[in-house]
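Undergrad: Please build the complex by placing chains B, C and D on the supplied structure of chain A, with the hints as guidance.
Listed here are the chains, written in short residue letters.
Number of protein chains: 4
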Amino acid sequence: MKNSAVLLLSCPDQKGLVAAIANFLLTYNANILHADQHQDAENRLFLMRVEWDLEGFSLPLESFAAAFAPIAAKHQMNWKLSESGRKPRMAILVSKFDHCLADLLYRYQSGELHCEIPIILSNHEDTRWLADTYRVPFQYIAVHKDAKEEAERTQMAILHREQIDFIVLARYMQVLSPAFIQHFENRIINIHHSFLPAFHGAKPYHRAFERGVKLIGATSHYVTEVLDDGPIIEQDVSRISHRDSLDDLIRKGADLEKIVLSRAVRWHIDNRVLVYANKTVVFD
Amino acid sequence: MKNSAVLLLSCPDQKGLVAAIANFLLTYNANILHADQHQDAENRLFLMRVEWDLEGFSLPLESFAAAFAPIAAKHQMNWKLSESGRKPRMAILVSKFDHCLADLLYRYQSGELHCEIPIILSNHEDTRWLADTYRVPFQYIAVHKDAKEEAERTQMAILHREQIDFIVLARYMQVLSPAFIQHFENRIINIHHSFLPAFHGAKPYHRAFERGVKLIGATSHYVTEVLDDGPIIEQDVSRISHRDSLDDLIRKGADLEKIVLSRAVRWHIDNRVLVYANKTVVFD
Amino acid sequence: MKNSAVLLLSCPDQKGLVAAIANFLLTYNANILHADQHQDAENRLFLMRVEWDLEGFSLPLESFAAAFAPIAAKHQMNWKLSESGRKPRMAILVSKFDHCLADLLYRYQSGELHCEIPIILSNHEDTRWLADTYRVPFQYIAVHKDAKEEAERTQMAILHREQIDFIVLARYMQVLSPAFIQHFENRIINIHHSFLPAFHGAKPYHRAFERGVKLIGATSHYVTEVLDDGPIIEQDVSRISHRDSLDDLIRKGADLEKIVLSRAVRWHIDNRVLVYANKTVVFD
Amino acid sequence: MKNSAVLLLSCPDQKGLVAAIANFLLTYNANILHADQHQDAENRLFLMRVEWDLEGFSLPLESFAAAFAPIAAKHQMNWKLSESGRKPRMAILVSKFDHCLADLLYRYQSGELHCEIPIILSNHEDTRWLADTYRVPFQYIAVHKDAKEEAERTQMAILHREQIDFIVLARYMQVLSPAFIQHFENRIINIHHSFLPAFHGAKPYHRAFERGVKLIGATSHYVTEVLDDGPIIEQDVSRISHRDSLDDLIRKGADLEKIVLSRAVRWHIDNRVLVYANKTVVFD
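Protein chains in written order, with the working numbering: chain A, 4 to 287; chain B, 4 to 287; chain C, 4 to 287; chain D, 4 to 287.
Treat the hints as calculated values from the structure; they're not laboratory data. Hints may be right or wrong, so weigh each one.
Same chains, same names: a pair is fine if it fits in one copy or spans any two.
For lysine to any residue, the following SDA-like pairs were computed, each having C-alpha atoms within a straight-line distance of at most 20 angstroms [claimed, not checked]:
1. Lys5 <-> Glu86
2. Lys5 <-> Phe60
3. Lys83 <-> Ala23
4. Lys99 <-> Ala134
Just so you know, these numbers come straight off a predicted model, no measurement behind them.
For reference, chain A alone in the conformation it holds in the complex (with noise of 0.2 angstroms):
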């Protein structure tokens, strides 16, 4: 495992962006192991991954933020610093379907994703089996619907004492609210069974069916307080015929859901997704 710092940044675009990014990290000997930018020429805006290794690296990350800041003011910079080496806190919050949780489970313990998980919370318990094979602390909260406020109030205890840094809503069948949804901004990621915008809201399959479309989709995006509208961050399709009936739909769906959510979590653990005007860059 590499050891090195991820510099994930937006600015207005002008001159000289390169350069001072590059002089500053070479002030302190850093070995740049990744650089990719990207202008939005429409809202004039630049964005910019950087990776360096931090091995050489002379400026202590403590103290990066001071260093940085006459940079970062004068260019009007938001920038976000991560260090490779420190394993964020994702929790996972599902229902009954677990294909998105195994797939999620499988993947945390073989390695590919870089994260800890030190809790799952569903409104079910018929997932805490899986949560037993891979060890991950499983917690059952209640969603009824005239108490809704107290199990998010549950919820968010519970997510506040395990330190959590991001959320993964593998196939969670209830609406979070806008308090929730803000508190972690741009931290929560949802998986909807369509290709969004087409099929928004609920029982996207059965309307896939309905209208006799000849592909079926997936859409990881991070939420946003207006339902399957925030950011999307990845899609994928598959191809379907007269010959799938609505359960092949549902079934080829479940493939393409695992696929598509694996990529948008290993993105945001990657420090890979920057957000702006409701849609992400994603540095491949």
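TA: Frame of chain A; chains B, C and D shown alone:
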């Protein structure tokens, strides 16, 4: 070129249908080349496409209807017989964008599309050079905002004169009247530049760009009175990323549109498409 | 779960085959659920899959062979009858890589794979935990370089004892003997981690990386005596770029392998695969 | 059309490269539009593409080489400067199949391919009509089995006279001599009708059909002296099934060939392709 007949039919599902049709054809010594069937369990419908060699078939096609009538009546069949030796007559309606037209004409000229193209109609002069290149008659018909009916009357007269079997809208930017559409029910093929039902209506690439989707699509469908809502014949998608500008989307989309439209047109010509319940079965 | 029968057959192409089979089934009051046929023009072969409801079918399946024999003899048919109510017995052979095994077991447990798994055999202990999780018997059989025959004898004895119908090699890293392969002709399904015939043999990802291909693939095929040369059941690919390291190829490839292998296994279980001329027809 | 410059470079990897280049450009007041870099860890190579606006850039391009020389020397850089305002001069070599030629000419005429096409050379007269349609000079040069050298001398003379920058083999069915290939090193783009390295050599569709693959492909690559072995620029695939005859493979493949070749040509024109170690980096 094989000389074959194709029977497309649909009827309420029941026992003995395959045997009834196979026996009927065998009576006249048919050599079945392909037979494909589909049951729509929900609608309790039986749908079939059967193609047989006309060499050695002892029933003259002009007598087919009379001979087949008892079976069709008994099973309440909707059916349509086509002869592969007869090329259907296709009209193309086009505006300024010429990529789909260029693609269709090239495929027509190379023999991939087994049809006649007696006429191209356009509300602009821009694509006349392409019609000239491929020696296809081209007629300019102005479509003025306040004289649409008149324009449609002129179009209709030409389509009748040319005994047109079906119409392809190769990025034709005018809305057709309900009367026109009903006259050519399930015989007008449109290409929409999005993955329907996402981004139906105008400017789909602009809206896809704004929404930040990770795939763009194209959809070919039969035209019905409800805009972009007719039975879907074919769809496909291409991957895009933040590196793609709106112009890139339009360019990548153009390639999709050509491919998707040409597939739909070829399947229609080959009598592979059966419409029911605002969907299609494509017998491939 | 529907209670149906599936007949897979192939024979020299000739007139009247569809009628002969449809009439035979109708004699016993069969309700045909699906019928799909294919003509291989080059080999003048007729191939068919027909599935019918057993409810109301008046011929007991144990008498099928005798009743069908005259038709089969007349048309020189190879045929195989399966009952959807009977779950085939599948053995899995695996080495150290566990992603395909984990995927198969999850699909088995969730009911997607309609089979029994009486035994997992491995030349390593690494995957026992997965077998335990899904409560499937696991047996370790050492395969020493100079005692391969002995190992195979042990394997064969267990496979017989468990009345295994077919075998899945879920990244099993040992070459099987010709005798073993012949015994299970067209009943051993392998997953190869390349787009065959590209990169047959060892270390395909390394060689794909070196060659600089822009797509990687996976291939599921029946095992024959010639390495990686058997009839292909399913293939798929993923896009890669220069940004992908060898490790990325291996990770992306693992997702492909799981999907491709599970499709092939499901189609085999559903009696959709017919082998001829070292190819397959997959009746979907 | 933006007026920009593109620098493509590769050199041994070391610290400070990004800073060195960014600072050099900033000295002359460059506004960087895109910058993309890649490290090949195995070969310890640094590869970069940087594009900047020429408006306001204070270094005349004719003085670039002299000014950049010290940096290039210090870091042992291979580099190439291109001006987006200058259209490269492309020759097309073609035989009888005309689908790739028709596609390239349409894209050229529509402005998608930002190049000049001073000449089309062919060993057959079949495609002259297409050249005429798009008003591109066409020259027939017979290639006799026992006079290949003479034919190549004629071709070479014309390519020199027309100051050709690079050559596209649009299904050109003659093997070029090593001398010819070396003269245009990494400047001859071929389209091969298979997913290389599968089915290199002759008749790939026939062999794909025989082998029973479930996907067919196309590969665009730079030509080297070893047949079908040069650096791959782009590849793509299409799904096929047993329903597809050899003719269907050829038809579906033709669509692939057009798309894959046109992508490769566009990337080459846009100076996005860097060759090293018999591979390419495509900076998209």
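Undergrad: Give me the numbers of the hints this structure contradicts, sorted from smallest to largest.
TA: Per hint list: zero violations.
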